[in-house]
Amino acid sequence: MPRKEIELPYSTEYLAILDQNGVVDKELEPDLPDEFLLKLHRAMLLGRRFDERMLNLQRQGRIGTFAPIKGQEASQLGAVAVLEPSDWMVPAFRETLAEYWRGKPLESFILYYGGYDEGGLVEEGRNDLPISIPVGSQILHAAGIGMAIKYRKEPQVVMTFFGDGATSEGDFHEAMNFAGVYQAPVIFVCQNNQWAISLPRAKQTHSKTLAQKALAHDIPGIQVDGNDILAVYAAAKEAVDRARSGGGPTMIESVTYRMSLHTTADDPKKYRSEDEVKKWEEKDPISRFQIYLKEKGLLTDEGINNLEAEIENEIQEVVNTAEKRMENVDPQHIFNHIFADLPPSLIQQREELIRNLALEQKEVDNG
Amino acid sequence: MPRKEIELPYSTEYLAILDQNGVVDKELEPDLPDEFLLKLHRAMLLGRRFDERMLNLQRQGRIGTFAPIKGQEASQLGAVAVLEPSDWMVPAFRETLAEYWRGKPLESFILYYGGYDEGGLVEEGRNDLPISIPVGSQILHAAGIGMAIKYRKEPQVVMTFFGDGATSEGDFHEAMNFAGVYQAPVIFVCQNNQWAISLPRAKQTHSKTLAQKALAHDIPGIQVDGNDILAVYAAAKEAVDRARSGGGPTMIESVTYRMSLHTTADDPKKYRSEDEVKKWEEKDPISRFQIYLKEKGLLTDEGINNLEAEIENEIQEVVNTAEKRMENVDPQHIFNHIFADLPPSLIQQREELIRNLALEQKEVDNG
Amino acid sequence: MAKMNMVQSLNLAMQQEMEKDDRIVIMGEDVGVDGGVFRVTDKLIDKFGIERVMDTPLAESAIIGAAIGMAVYGLHPVCEIQFSGFSYYTIHQLEAHASRLRHRSQGRFHVPLVIRAPSGGGVRALEHHSESRETYYAHTPGIKMVIPSGPRNGRALLVSAIRDPDPVIFFEPKAIYRAFREEVPEEEETIPLGKPQLVREGKDVTMVAYGAMMAPTLEAADELQEKSGISAEIIDLLTISPLDDQIIADSVQKTGRAVVVHEAPMSFGPGAEIITRLVEKSFYYLEAPVKRVTGYDIVYPLYAREKANMPNSRRIIKAVQETLET
Amino acid sequence: MAKMNMVQSLNLAMQQEMEKDDRIVIMGEDVGVDGGVFRVTDKLIDKFGIERVMDTPLAESAIIGAAIGMAVYGLHPVCEIQFSGFSYYTIHQLEAHASRLRHRSQGRFHVPLVIRAPSGGGVRALEHHSESRETYYAHTPGIKMVIPSGPRNGRALLVSAIRDPDPVIFFEPKAIYRAFREEVPEEEETIPLGKPQLVREGKDVTMVAYGAMMAPTLEAADELQEKSGISAEIIDLLTISPLDDQIIADSVQKTGRAVVVHEAPMSFGPGAEIITRLVEKSFYYLEAPVKRVTGYDIVYPLYAREKANMPNSRRIIKAVQETLET
Ligand SMILES: Cc1ncc(C[n+]2csc(CCOP(=O)(O)OP(=O)(O)O)c2C)c(N)n1
Ligand SMILES: Cc1ncc(C[n+]2csc(CCOP(=O)(O)OP(=O)(O)O)c2C)c(N)n1
Ligand SMILES: [Mg+2]
Ligand SMILES: [Mg+2]
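If you read the protein sequences in the order shown, they are chains D, L, F and C. Quick note: the first sequence uses our numbering, first residue 2, plus one each step. Quick note: the second sequence uses our numbering, first residue 2, plus one each step. Quick note: the third sequence uses our numbering, first residue 13, plus one each step. Quick note: the fourth sequence uses our numbering, first residue 13, plus one each step.
Because the hints were derived from the structure by calculation, they are not lab data. Some hints here could point you the wrong way.
Computed Cβ-Cβ distance ranges for the label pairs, DEER-style [what the hints assert, rightly or not]: (1) D:361 / F:191: 16 to 26 Å; (2) F:198 / L:271: 20 to 30 Å; (3) F:61 / L:12: 32 to 42 Å; (4) L:12 / D:271: 34 to 44 Å; (5) L:296 / D:10: 36 to 46 Å; (6) D:32 / F:59: 41 to 51 Å; (7) D:7 / L:247: 25 to 35 Å; (8) L:7 / D:24: 51 to 61 Å; (9) D:301 / L:247: 53 to 63 Å; (10) F:240 / L:271: 16 to 26 Å; (11) L:358 / F:14: 38 to 48 Å; (12) C:231 / D:349: 19 to 29 Å.
Straight-line C-alpha distance at most 20 Å; calculated EDC-like pairs for lysine to aspartate or glutamate [what the hints assert, rightly or not]: (13) D:5 / L:30; (14) F:330 / L:364; (15) L:209 / D:6; (16) F:293 / D:364; (17) F:319 / L:119; (18) C:330 / D:353; (19) D:297 / D:32; (20) L:209 / D:8; (21) L:238 / D:6; (22) C:293 / L:352; (23) F:319 / L:361; (24) L:151 / C:34; (25) L:154 / C:34; (26) D:5 / L:353; (27) L:154 / C:33; (28) L:151 / C:33; (29) C:330 / D:364; (30) D:363 / C:334; (31) L:5 / D:353; (32) D:5 / L:268; (33) F:293 / C:337; (34) F:55 / L:268; (35) F:330 / L:361; (36) C:293 / L:353; (37) C:319 / D:364; (38) L:5 / D:26; (39) D:151 / F:195; (40) D:151 / F:33.
Here a beta-carbon is modelled for each residue, glycine too, at the ideal position from N, C-alpha and C.
Isolated chain D (complex conformation):
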């Protein structure tokens, strides 16, 4: 009856496959079709360019505050690429590329960050929640969706994203605990991009890794190189397969870096060194993937150039249509989608708005 160590069912593992120089670990390399690899590459590149363009639009005052994803392309795409369309995805607010991959039109992002509620529309058939800004809160929705999937005995899974900062919120742990208890098919993807606005990962929590937080709930947890799309994919595949076959939830800590601003309202120079950013630039997820694809004979510099041009066009077109749509602001729209049926008090308020607008119009007309 002495003092003794208790054996626990899980330990915390680390996984990396493709290093920052593009060298691959042959044993761990996932076996993916060439087209799929190229599709991933195209999406990553588009994600990067769209991000740049959005930053540009914001700087020109054509859209409002938004959160760039630069540097986190592999981290989110590698995970979401494992999902089937019928699966569910619950993003935070820095998953532009994951949402795009799932089918969200680029136009929606521009509308949304341009201040138009229409940008929040989730098209029929895309099983994704809209972005969620209150940190950590969405993780619980994923737990609930997982529980509902299990209740319905559907062969689906749900994947949710959140940041390193979110792991400090109670909702994160409550969600992990629920998913553990109900053995729900949930994949918790923590994009540890090293910063929560100005707070570095080391001050966010005393724990050595974020993945080990899964130990609290006896959920398998794994830390992956989040700038290595192959590792992220492999870890997510394992987790999704396990969840789909009834094996319950998994937490993935994807170690990556927010290479750009927190949001366009942020100035990282206040709190982090250029050196640190430089160091991470060497770990860029896109360049190492391009080396890999080139070595596989799937990609050439010329191919990249063509792709870049194609993407630029695609984005330009989207910006054009979005800006056209943004010319039309019908203020009455603010009363849409509040309840299934607008109650009398809200009908009266809408009428007041309409009267005010008419009055305003009259003043404008009268000069």
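Take the given structure of chain D and dock chains L, F and C with the ligands to it, following the hints.
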């Protein structure tokens, strides 16, 4: 660059010293003065008897709902007995004995559960928070007190209590994370009494132990036999010493059993078997401690009988004074201690109450 | 028709709806094996199994957050928060998500979610077990706040709440759980959400109340009638928000006087909205200041003194008399 | 005296108080190295170090819960919640503890805690960054709810809030953080909490507003004066709760008419309490229904349409005119 296990700084340990038959592990036995052992014994016995008396008072309608501690005497006393008077203690609502040990008058319990706000009074000099009913919420107060102690560089520690159910609340994890980040001198004592009202420990969380939840925050966590006062004391001593010397927080899972009702409003027959309760009765914390003390030559059956009589008298006296105090209900008291100074709107409301009371009195007087 | 108390009638509402619709699941602390600490979900687990009646871990935010996910997926969760005093752990989920996902997704998703919670005082309970904070939810756009006042309307409102496509907070005045019985028909009965009810016609004064305060309000009205011949018209709000003030306006345009009663603290409470609506729409009919009889703006006292804080028929009568005297 | 915007004046308040009193510590997300996302705590970390200016982990409930513990211990924490839209994560701590520990401990403990949070709309922000939910806190007994309307009163109120022995929620209208500058004296200046201020005398109508709504209210008053010769008396609430209605009553007893303005949703909002207090205490002085100009009972729209939801001088003028026409 393969897949590899990450080494973490802590593992989860189990500690037991005095088994249910009163057999002690000589190597681990803490070296405690005889009087102190006897003082612990007296307190445990008083805790048990007071609990029984309170249940009685409730059944007679003389007080309202309260939460019995039966079975958890060692679990809470072993921990709190390590504290210095200048240390802080933050209870949940099932720490009657811990509060009594710290100096809370028995009378206060009767007043409080009798519905008198006066029972909440924390006497000057006793550094304990009043009981906290919203599960898990108080754990954060302990984290804050620990941070304040550290800020003031005082040689104090803070100990907080909560149940197995509380580990599912986000506030628990947020508190552990804060204490970890700030390396605050906090001892988190989870009284795992196997039940959260009707929910058994196994359904509260998927994790094998509760102590392992500390791994999420890289805080040392230990599981102890909570019905073994020596083990609880030893674990708490280690934790308090570490905290006091700047070593930061510890979590202790004290494995015990709620032998009585959740509260007097509860009927455990709805959800648990008599067999289970029987099994735990054999592990009673008091009887095993009595065997230990007898074998040490510190206690005799006669001594126990005398003590029982003494305690009965003590309790009876307290019940008498408390009931006397409860005869006086001044309703105006409800406006006390809302703000340091009552604002005009509340003064007006109090005046209204006074007018109503006068009217009522008049009606009574007029028959 | 059977005579039922409100615990039984609410249980009936859930049982019958669950029989008809397998999207409905019950979740909360102790709602399964224990049948809820007030037994409102008693035996539902025997009828529908642990998949549909879930004893959840002790985490309110998780209960509501997970239920939001389930609702978005297509289920209709009926959650119990053990006491309304612990519902505040979930406001960030309600304010940020339950109330907004319809709007945020521009109609793709909606959140058919019911949150039941025993509320209010009068049962000699512990701290945090007696408060009335319906205002938090009534002031939050995108959610509905419903409070029944008896077994029959409780059952009918709960059925409507369960069928409602949007989130409904359903506070159950615990003081009337077992206070009285009413005939409750076996057949389906609903009451549309958002419609206060005229429960008694009168001509001298309008009394507006809801929940457990209906009892002292009716008592006061009886006594006023008997002792002073004062005829009170009485409105039971049933739905606090969105507030439809039409029936109140109509009544006051007839009586010219009104008294509003609630347990919730006075300031910034529900009474203020009702009185303001009257000012906005029936000002010229008002012959005297509208009065409110409410809980005080204090920390709810432990039970020995809770009566001092709670509106009772004496206070209500006094308010009516003052209204009529002026 | 220096000309300062409100960001600077609030910074000054904290800095000066911290110099005087080492019980004061600052805590919150990004308040240290970054100086706060609006820079309100800028450079305080350089002056007072990381022990007194704490960049906390991302957990609102923990910030407030820990601060309650610190306050009980004897410190005076000044917490920043990054946006008021995330303060709801903490309501259970505020409702259950900050507001009650004085009462629960029967005076042994009290909770001198300030919670600062940028609030309100008008800055083209993301979802959850524009709401005004002061009602939640105003309706909660045991806490004070304060909202300044400019650099000078902001500084003076923050000093008072920091010195207050009880918990104070201090919402900072982000729309006026940098909107204008005022002379702010170097020397100490305080404004007692709980006292609305008469900011302009007038005789035809009383206008009551607070925070960012003071600007369009004053603008409306100017235009009414200039174009129609209407003289408005204007009251700035400053402290929303506990509400002292004396000055409002006094004013309306003179003008007979009133308009209340707030960004918060209309129903069950602060305006209702003000109007109700007028009904209760100044009913016979009211010559016309009191009007309110408020945000609508809707999910706050993304920024392209936020103006449609926000009271502006046009809407206020219209309300005043309607009040005067009747
Ligand atoms: C509950 C809550 N608190 C604060 C904020 C303000 N905020 C937005 S993002 C952010 C940091 C998030 O960090 P992390 O979770 O690591 O995600 P990242 O931004 O790095 O993707 C903060 C504090 C918020 N949106 N929600
Ligand atoms: C936040 C909150 N939710 C629900 C309750 C109702 N309640 C009181 S005690 C309890 C169970 C607590 O279980 P545990 O933490 O294991 O403590 P124990 O009662 O076993 O001592 C519940 C659900 C509460 N007091 N607070
Ligand atoms: Mg981050
Ligand atoms: Mg327990």
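A quick look at each hint next to the structure:
1. For the pair residue 361 (chain D) and residue 191 (chain F), the supplied restraint of 16 to 26 Å is violated, since their beta-carbon distance comes to about 54 Å.
2. The hint said 20 to 30 Å for the Cβ distance between residue 198 (chain F) and residue 271 (chain L), and at roughly 27 Å that hint holds.
3. For the hinted restraint 32 to 42 Å between residue 61 (chain F) and residue 12 (chain L), the CB-CB distance of approximately 39 Å keeps it satisfied.
4. Distance hint for residue 12 (chain L) and residue 271 (chain D): a CB-CB separation of about 39 Å, consistent with the stated range 34 to 44 Å.
5. The supplied range of 36 to 46 Å is met by residue 296 (chain L) and residue 10 (chain D), whose beta-carbon atoms lie about 39 Å from each other.
6. Between residue 32 (chain D) and residue 59 (chain F) the beta carbons are some 49 Å apart, a value that agrees with the proposed interval 41 to 51 Å.
7. With their beta carbons about 27 Å apart, residue 7 (chain D) and residue 247 (chain L) fall inside the hinted range of 25 to 35 Å.
8. At about 22 Å, the CB distance of residue 7 (chain L) to residue 24 (chain D) disagrees with the hint of 51 to 61 Å.
9. The hint said 53 to 63 Å for the Cβ distance between residue 301 (chain D) and residue 247 (chain L), and at roughly 60 Å that hint holds.
10. Taking 16 to 26 Å as the suggested C-beta distance range, the pair residue 240 (chain F) and residue 271 (chain L) does not conform, at roughly 49 Å.
11. In this structure the hint that residue 358 (chain L) and residue 14 (chain F) lie 38 to 48 Å apart at CB holds, the actual value being about 42 Å.
12. Range check, residue 231 (chain C) to residue 349 (chain D): about 26 Å between beta-carbon atoms, so the 19 to 29 Å window is met.
13. Using a Cα cut-off of 20 Å, the hinted pair residue 5 (chain D) and residue 30 (chain L) holds, with the two alpha carbons roughly 15 Å apart.
14. A hinted pair counts as satisfied when its Cα atoms are at most 20 Å apart, and residue 330 (chain F) with residue 364 (chain L) qualifies at roughly 13 Å.
15. A threshold of 20 Å between alpha carbons decides the hint, and for residue 209 (chain L) with residue 6 (chain D) the separation of about 13 Å falls inside it, so the pair holds.
16. For the given pair, residue 293 (chain F) sits about 28 Å from residue 364 (chain D) by alpha-carbon distance, which is inconsistent with the 20 Å threshold.
17. Under the criterion of a C-alpha separation no larger than 20 Å, the hint pairing residue 319 (chain F) with residue 119 (chain L) is consistent with the structure, at around 17 Å.
18. For the suggested pair residue 330 (chain C) and residue 353 (chain D), the alpha carbons sit about 11 Å apart, so the restraint of at most 20 Å is met.
19. This hinted pair checks out: residue 297 (chain D) and residue 32 (chain D) have alpha carbons roughly 12 Å apart, not beyond 20 Å.
20. The suggested pairing of residue 209 (chain L) with residue 8 (chain D) holds, with an alpha-carbon distance near 9 Å, which does not exceed 20 Å.
21. For the hint linking residue 238 (chain L) to residue 6 (chain D), the alpha-carbon distance of about 19 Å falls within 20 Å, and the restraint holds.
22. A distance of roughly 15 Å separates the Cα atoms of residue 293 (chain C) and residue 352 (chain L); the hinted pair therefore holds under the 20 Å criterion.
23. Restraint check for residue 319 (chain F) and residue 361 (chain L): the C-alpha separation of about 13 Å stays at or below 20 Å, so the hint holds.
24. At roughly 14 Å between alpha-carbon atoms, residue 151 (chain L) and residue 34 (chain C) fall within 20 Å of each other, so this suggested pair holds.
25. Taking the CA atoms of residue 154 (chain L) and residue 34 (chain C), the gap is near 13 Å; set against the 20 Å cutoff, the hint holds.
26. Distance check on the hinted pair: residue 5 (chain D) and residue 353 (chain L) sit about 65 Å apart at the alpha-carbon level, beyond 20 Å; violated.
27. Annotation: proposed proximity of residue 154 (chain L) to residue 33 (chain C) holds, straight-line Cα distance about 17 Å (limit 20 Å).
28. Between the alpha carbons of residue 151 (chain L) and residue 33 (chain C) the distance comes to roughly 17 Å, so the proposed pair stays at or under 20 Å and holds.
29. The straight-line distance between the Cα atoms of residue 330 (chain C) and residue 364 (chain D) is roughly 13 Å, inside the 20 Å bound, and the hint therefore holds.
30. Simply put, residue 363 (chain D) and residue 334 (chain C) have alpha-carbon atoms about 18 Å apart, close enough for the 20 Å limit, and the pair holds.
31. Among the hinted pairs, residue 5 (chain L) with residue 353 (chain D) is inconsistent with the structure: their alpha-carbon atoms are about 65 Å apart, more than 20 Å.
32. A threshold of 20 Å between alpha carbons decides the hint, and for residue 5 (chain D) with residue 268 (chain L) the separation of about 37 Å lies outside it, so the pair is violated.
33. A hinted pair counts as satisfied when its Cα atoms are at most 20 Å apart, and residue 293 (chain F) with residue 337 (chain C) qualifies at roughly 15 Å.
34. Distance restraint check for residue 55 (chain F) and residue 268 (chain L): the Cα-Cα separation of roughly 15 Å lies within the 20 Å cut-off, and the hinted pair is therefore satisfied.
35. Between residue 330 (chain F) and residue 361 (chain L), the direct Cα distance comes to roughly 11 Å. Compliance with the 20 Å bound is thereby established for this hinted pair.
36. Restraint check for residue 293 (chain C) and residue 353 (chain L): satisfied, since their Cα atoms lie roughly 14 Å apart, inside the 20 Å limit.
37. In summary, the hint linking residue 319 (chain C) to residue 364 (chain D) is supported, as the alpha carbons are separated by about 17 Å, within the 20 Å threshold.
38. Restraint check for residue 5 (chain L) and residue 26 (chain D): the C-alpha separation of about 13 Å stays at or below 20 Å, so the hint holds.
39. Distance restraint check for residue 151 (chain D) and residue 195 (chain F): the Cα-Cα separation of roughly 39 Å exceeds the 20 Å cut-off, and the hinted pair is therefore not satisfied.
40. With a CA separation close to 17 Å, the supplied pair residue 151 (chain D) and residue 33 (chain F) stays within the 20 Å bound.
Violated hints, listed in ascending order, are 1, 8, 10, 16, 26, 31, 32, 39; each of the other numbered hints is respected by the structure.
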